[in-house]
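K.L.:
Listed here are the chains, written in short residue letters.
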Amino acid sequence: MKIVLVDLGLGNVGSHENMLSFLGYRNVVVSSIKDDILDADRLVLPGVGHWTKACEQLDELDLRKAIVHRVTRDKVPILGICLGMQLLFESSEEGTGRGLALIRGSVKRFTEKKDYVYPHMGWNVVDDSMGKSVLLGDKRDETNKFYFVHNYHCVPEGSSVTALYSDYSERFCSIVEEENIYGTQFHPEKSHRYGMNLYKRFLSE
Amino acid sequence: VSKLRKRIIPVLLIKDFGVYKPTQFKNDKYIGDPLNTIRLYNTMEVDELVVLDVSHDVAMNGPNFPFVKELASQCFMPLTYGGGIKTFEQAAKLFKLGVEKISINSAIWNDIDFVHEIISIYGSQSVVFSFDIDKNWLGNYVIKHKRGTKVVAKGIEAIQGLVKDFAPGELLITAIHKEGTREGCDMDLAIRISQDIQLPIIICGGVGKNNHISELFDGTKISAVGCGTFFCTTGPYKAPLISYIDTDFIKRINNEL
Numbered sequence: 010m011k012i013v014l015v016d017l018g019l020g021n022v023g024s025h026e027n028m029l030s031f032l033g034y035r036n037v038v039v040s041s042i043k044d045d046i047l048d049a050d051r052l053v054l055p056g057v058g059h060w061t062k063a064c065e066q067l068d069e070l071d072l073r074k075a076i077v078h079r080v081t082r083d084k085v086p087i088l089g090i091c092l093g094m095q096l097l098f099e100s101s102e103e104g105t106g107r108g109l110a111l112i113r114g115s116v117k118r119f120t121e122k123k124d125y126v127y128p129h130m131g132w133n134v135v136d137d138s139m140g141k142s143v144l145l146g147d148k149r150d151e152t153n154k155f156y157f158v159h160n161y162h163c164v165p166e167g168s169s170v171t172a173l174y175s176d177y178s179e180r181f182c183s184i185v186e187e188e189n190i191y192g193t194q195f196h197p198e199k200s201h202r203y204g205m206n207l208y209k210r211f212l213s214e
Numbered sequence: 005v006s007k008l009r010k011r012i013i014p015v016l017l018i019k020d021f022g023v024y025k026p027t028q029f030k031n032d033k034y035i036g037d038p039l040n041t042i043r044l045y046n047t048m049e050v051d052e053l054v055v056l057d058v059s060h061d062v063a064m065n066g067p068n069f070p071f072v073k074e075l076a077s078q079c080f081m082p083l084t085y086g087g088g089i090k091t092f093e094q095a096a097k098l099f100k101l102g103v104e105k106i107s108i109n110s111a112i113w114n115d116i117d118f119v120h121e122i123i124s125i126y127g128s129q130s131v132v133f134s135f136d137i138d139k140n141w142l143g144n145y146v147i148k149h150k151r152g153t154k155v156v157a158k159g160i161e162a163i164q165g166l167v168k169d170f171a172p173g174e175l176l177i178t179a180i181h182k183e184g185t186r187e188g189c190d191m192d193l194a195i196r197i198s199q200d201i202q203l204p205i206i207i208c209g210g211v212g213k214n215n216h217i218s219e220l221f222d223g224t225k226i227s228a229v230g231c232g233t234f235f236c237t238t239g240p241y242k243a244p245l246i247s248y249i250d251t252d253f254i255k256r257i258n259n260e261l
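Going down the list, the protein sequences come from chains V and W.
At position 36 of the first sequence (counting the first as 1) the number is 45 in my numbering, and the numbers step up by one without a gap.
At position 107 of the second sequence (counting the first as 1) the number is 111 in my numbering, and the numbers step up by one without a gap.
The hints are simulated quantities; they were obtained by calculation from the structure and are not laboratory data.
Hints may be right or wrong, so weigh each one.
To be verified - Selected chain V positions facing chain W (Cβ under 7 Å, derived; list incomplete):
#: 1; residue: 62
#: 2; residue: 81
#: 3; residue: 126
#: 4; residue: 131
#: 5; residue: 132
Glycine included, every Cβ here is placed at the ideal spot set by N, Cα and C.
When you get a sec, could you build the whole thing from the sequences and use the hints?
P.N.:
Here you go:
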């Protein structure tokens, strides 16, 4: 199984590589080349950074079409993480540019509230009572907790998506799933065994 | 009180490939091998890790990338790295290796414009501003750099301006006069620093028992604490021992028990 970590030139691809190698996956390729994406069995879209810059990079590296093609036509599973999750959507309040639009909806900034500091940074839980999630799995015998760092969050539209929520000054979508498209607002690559387990579930899907 | 979940963060000081623990920035005591130490913190599932490399060579020539790469490959928690960062290229390379946040200290007082570029590309959450604060003989706060050997600013007011101008994502505040003393944090400093700054702030220096951590979180808006001595030594002679707080304590301070 060829796992391609899409490298947009921003963000922490190294952390993902480290975790996947620790988990024993051998065929992991960090790439910003179209051809790699077109023969990937799993796509991971990590992302830390600015929306506008990321959208620019998708075009500059000429990856947009390849990703959309591989995901919508060949139904290859994709996992977008943090900004990578946001890029699965159409637009963002953070900047200009169009996302991959694999999922309908947009990205919004937290409404700042008194006594809350932003970015939302640190460990938080996902409310798993709302729906069946592939990423969280069936056996919920342990509390899930994940590491978050973000000012923006996704707002999915349409009824075909599964959205799970977390709470920080408001309820926000922290996991999104639609067919072979997955996204997490938090960082599984930095969430100890909780993240490892989630990664394993995605890769065995 | 800040609504962020509290973070309890081991802070590792590294010098020439070893972990050291000073007291009030002096008398560095050897603790052990950094990779082993990180693996232990991994199994203890610490919230985050801060690694500060104070090697002379790093201060002069910049981060030792192969070494950082090795450290990062063992970190399955967020990693902040500080030491010798002076350029955008160095920061970019660190992020690529698996470092989440870079901590900037001495560079704040020299040529700091490269921070704008880092933030515009990697986002503000990737930059931590680190300030070492001491009390002078009059009992007033001063900001020092170069491992506490040089005063760069009197008072702590300069921090607010820097935060406004550069918009880092987080502050790491180390109280030099408390560091390694295990007598509790400088509460007055924590209160003053968090009064006007709406950023996540890590307070470091002075923690010697669980109560010091609850005191800090109950009495201030601070949402994160950094511990060196408390998590890597034990007993009156500060014998090396890597430890962390238990999960129940973490749940308790977050009101989850």
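K.L.:
Which of the stated hints cannot be reconciled with the structure, identified by number in ascending sequence?
P.N.:
2
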